[in-house]
Each structure stands twice: as C-alpha cells, then as structure tokens.
Amino acid sequence: MVHWSAEEKQLIAGLWGKVNVEECGAEALARLLIVYPWTQRFFSDFGNLSSPTAIIGNPKVRAHGKKVLTSFGDAIKNLDNLKVTYSKLSELHCDKLHVDPENFRLLGDILIIVLAAHFSKDFTPACQATWQKLVGVVAHALAHKYH
Amino acid sequence: MVLSAHDKANVKAVFGKVGGQAEELGAETLERMFAAYPQTKTYFPHFDLGKGSAQVKGHGKKVAAALVEAANNIDDIAGALSKLSDLHAQKLRVDPVNFKLLGQCFLVVVASRNPSLLTPEVHASLDKFLCAVGTVLTAKYR
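Protein chains in written order, with the UniProt record's numbering: chain A, 1 to 147; chain B, 1 to 142.
In case anyone wonders, no lab produced these hints; they're calculated from the structure. Quick reminder that beta carbons are idealized off the backbone N, C-alpha and C, glycines included. Warning: the hint list may mix true and false statements.
Sample of chain B residues lacking proximity to chain A, with all beta carbon distances greater than 10 Å (derived) [claimed, not checked]: (1) Ala9; (2) Gly19; (3) Tyr43; (4) His46; (5) Ala54; (6) Lys57; (7) Ile77; (8) Gln90; (9) Lys91; (10) Val94; (11) Thr135.
Okay, derived cross-link-like pairs now, PhoX-like style, lysine-lysine, Cα gap no bigger than 20 Å in a straight line [unchecked claim]: (12) B/Lys41 with A/Lys133; (13) B/Lys51 with B/Lys41; (14) B/Lys8 with B/Lys128; (15) B/Lys17 with A/Lys121; (16) A/Lys121 with B/Lys57.
With the sequences and hints as input, model every part of the structure.
Have a look at this one:
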C-alpha cells in the first residue's frame, strides 16, 4: 500500500480544491490527443480530431476530459484504498476499452503540465513531486486488474 | 520522429522567449527532477543537492546551454551535440529513461513560468524536440 504523508495529503487536497475539473479535464485530454496523436486511436467515434483547433473545440473531447478528471477526484478521496476504488475501472479499461496502461502514464504527465500552467509559481517542486507520485499511483491502480 | 518546419519554428520561438533565463530554467528543471524522481540523484553523489546549491545551479546552466545550442542548430541536433553524445556514451552513461524525466520537468518549468507560451501545439513541438535531444545523447550507447 502507498504511504501518504500529511504534507503530501495537504499538497494534493489544497491544489485539488482550486482545480476547475471541467476545464482542466478538457485541456488535459485535448493536449494528450495533440501531443501524442497516436492516442487518438481510442476515440475514432469522437468526430473531428483533424487539428489542434478541432480537438480543443470538440465537445466530446471536453465531455470525456471532464469525466476522466472527475474520476480522478474519486482517487483523491480514496488515497488509502486506490486499488479497490479503481478495480472496476481497471477491468473496464482492460477488457472492454483495451487501453495500453502506458496511456495512463502519458495522461498523468500531461495533467501535471496543465496544473503547472494553471498554478504557476504555486506549483512548487514539492507540489509537482507529490502530484507525480499521485498520477503514477493512479496509473498503477488502473493497470492493476489487467490480465 | 521528425521535427517539422512548424515544430522547429515553435521551438525557436520558445527559446527566443526564455533563452535569456536559461540558467534559472536549467537549475529549476534539475531541482524539480531531483524532487519528483529521487532516483535521478544517484547520478550526482558528488553534488550538494540541497536547496540553492551552487553545484545544481552550475549544472543547470550547462544543461540549459546544451538545449539552447540544440535549438539554435535544430537542423542538425546530432552534429551540434556530438561531443555531448560521446560524453554520455563513454563516461556518464545516464540510463536513457532519465532523459524523459528531465524533459518532463523542463516542460513543467516552461509551463509554470510562461503558461501562455506553452500552447498545445508548442507543447507538442517542444516535447518532440526534447525527445530528439534525448535520442541524440543516447545514440552512441551501443
């Protein structure tokens, strides 16, 4: 089980409280699809992904980004119980969605950059370190049920 | 992975904007890397890695200078970094995985200092550029 210090929990909760989940989620997913275009392979039914402008403006991308980051919020509420919290989601991503877990790591790194852009100087090295740990642990939990 | 004309223009624009603070960017990149990825500290047992370390600042300056050099010679990164590539292959032998970690931290530094500069397209170009630099530096490993 992953250990979270009081300071780490504070760095997570403190930042999360200020995150606009809809905006950050949409931006993170859009950047994933733009920076790592091969990730578009999972979204063939999303319509127009032909350019960065199209991706950013795509309502399905926005909606799905919000969904993904909302789920991230569940992780934050259950830091001590992540594998169980994400058990069904993990099975879904393996059995139905067939998503390579590497993509969870890519999205995690993109989310960090989005947070850095939003929070600027407040996204201190200590803050980044904690959040890199968090996205890594979330990616691991999402991959846990893969077989 | 090939850098398009757009990518090259985007990268040059970024370094045009931030090149003047290269030393600080380099130092902050390393500071973030050591904090977020403690295993990277294993390459610096001879360094004082405490906050404000002069050695980290000095090394950050070197790292940033190399990135600036690569950006200024973006049509021939392999040529521009050839000596550095030799150094990494023969002496430093930093495991290739670590270049991604440094790249991530550099992107975070640019994002946190210049959010408006790092549009999604520029982000993509800069990420590609950093990958290309890592590839060049590890090209002669075996």
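*Hints not upheld, ascending by number*: The structure breaks none of the hints.
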